[in-house]
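Hey, can you work out the whole structure from these sequences and the hints?
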Amino acid sequence: MRDRLDHRLTQRHVFDYLDGELGERRQRRLRGHADLCRDCGATLRTLTILLWELRELSAPEREMSVVPGVLRRLRQEPALPWQLRCGHSRP
Amino acid sequence: MAAPLRALQAVSEAFASAGEGRASARAAWQASAHEASRHPSGRRVVATPPATDEQQLIERAQAGDQPAFEELVRRHADRLYAVVLRYVADVEEAEEVTQEAFLRAWRAISDFEGRSQFFTWLYRIGINEAKRRAERRPAPTTVSSLEDEPLEDAPDWSEAPALRAEQGELRRELERAVRALPVDYRIPLILRDIEGLSTEEAAEVMGLGEVAFKSRLHRARLAVRRAMDEYFIEANR
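Respectively, the protein sequence lines represent chains A and B.
Residue numbering for the first sequence follows the working numbering, beginning at 7 and increasing consecutively.
Residue numbering for the second sequence follows the working numbering, beginning at 13 and increasing consecutively.
Please note that a few of the clues may not be correct.
Unchecked claim - In silico negatives: residues of chain B with every beta carbon more than 12 angstroms from chain A: (1) Gln-129; (2) Arg-148; (3) Pro-194; (4) Gly-208.
Claimed, not checked - Partial pick of chain A residues on the chain B-facing surface, computed with a CB cut under 10 angstroms: (5) Phe-21; (6) Ile-55; (7) Leu-77.
Just so you know, the hints here were simulated from the structure itself, not pulled from any lab data.
Beta carbons are placed, not taken as given, at the ideal position from N, Cα and C, and that holds for glycine.
Take a look at the structure:
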């Protein structure tokens, strides 16, 4: 009975566990179950790798920064009335 | 290096070393899980500038100080661009959207009330701008359905040879799988898993409650997993 409950817990909350959003007690139950259950162990390993690989995608895909282009557009923008009222000079 | 990253690197290294087999992968995964449990956020550390410093820049920008706003541009433009690039068709459009988002943010900076972090406010402007443009284009034909049921013969990735052999190709396949997600599912995955925002921050950018956000995120992850499972099965034939 406990095994079935832990199996369901693992299937339902595996992402909460991987996101660090599961309480300590449930984490322990999930870890314990994944150690014993072949399917849940494989799922947990696979999803751990998936999330790790997704994080690796965040490496920049472009060597040039977009900052100069944004600053150029910004400096072409006419000052808005509230900005003129504040009296700051433009760069 | 942040602890969760270190732990995940251990997983990768274990999977990358051929012949070490399941035992080392299992040990690495367990190390990863324990690290994750010690760090409740479990997230990549995002290089967010000190809040007080950023707060001063925002206040100065709100008072019409353009150089202060330009400093905010320097801090956030490339990150916003990276998010937008995964949403729109190409690099030129991504750059245009990024520029337009900052112009809109500058025009509206006096309305920013500081109830959210500046970059979540900015991401929201950027994503809304990208959506506006996407609506003008015909729907892409390459969008995958949200198949999130695992395949019957889904491989255990810790034992997938293709993962060890071809990191570059794997990355391209993963990019393709992410890009093929329907947009409403792709953005949660980009914000949470690729950009490393917390669930709360990413849900706020999307204008969704956390439950609705997580539902989309989990379906997106499972759909990507399924697409990659198919890739691994094909690669092993």
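query = Against chain A, does Gly-208/B keep a CB gap of more than 12 angstroms to every residue?
reply = violated (7 angstroms)
ask   = Can we confirm that no CB of chain A comes within 12 angstroms of the CB of Gln-129/B?
value = holds (18 angstroms)
inquiry  = For Pro-194/B, is the shortest CB-to-CB distance to chain A above 12 angstroms, so the non-interface label stands?
reply    = The claim stands: Pro-194/B keeps its Cβ more than 12 angstroms from every Cβ of chain A (closest is about 17 angstroms).
message = Let's test the interface hint: is any C-beta of chain B closer than 10 angstroms to that of Phe-21/A?
response = Phe-21/A check passes; min Cβ-Cβ to chain B is 5 angstroms, inside 10 angstroms.
request  = Using 10 angstroms as the Cβ threshold, decide whether Leu-77/A counts as touching chain B.
outcome  = holds (6 angstroms)
query = If you take the shortest Cβ to Cβ gap from Ile-55/A to chain B, is it below 10 angstroms?
reply = holds (5 angstroms)
ask   = Since Arg-148/B was said not to touch the interface, does its Cβ keep a gap of more than 12 angstroms from each Cβ of chain A?
value = holds (20 angstroms)
In this structure, only the earlier hint numbered 4 is contradicted, and the remaining ones agree with it.
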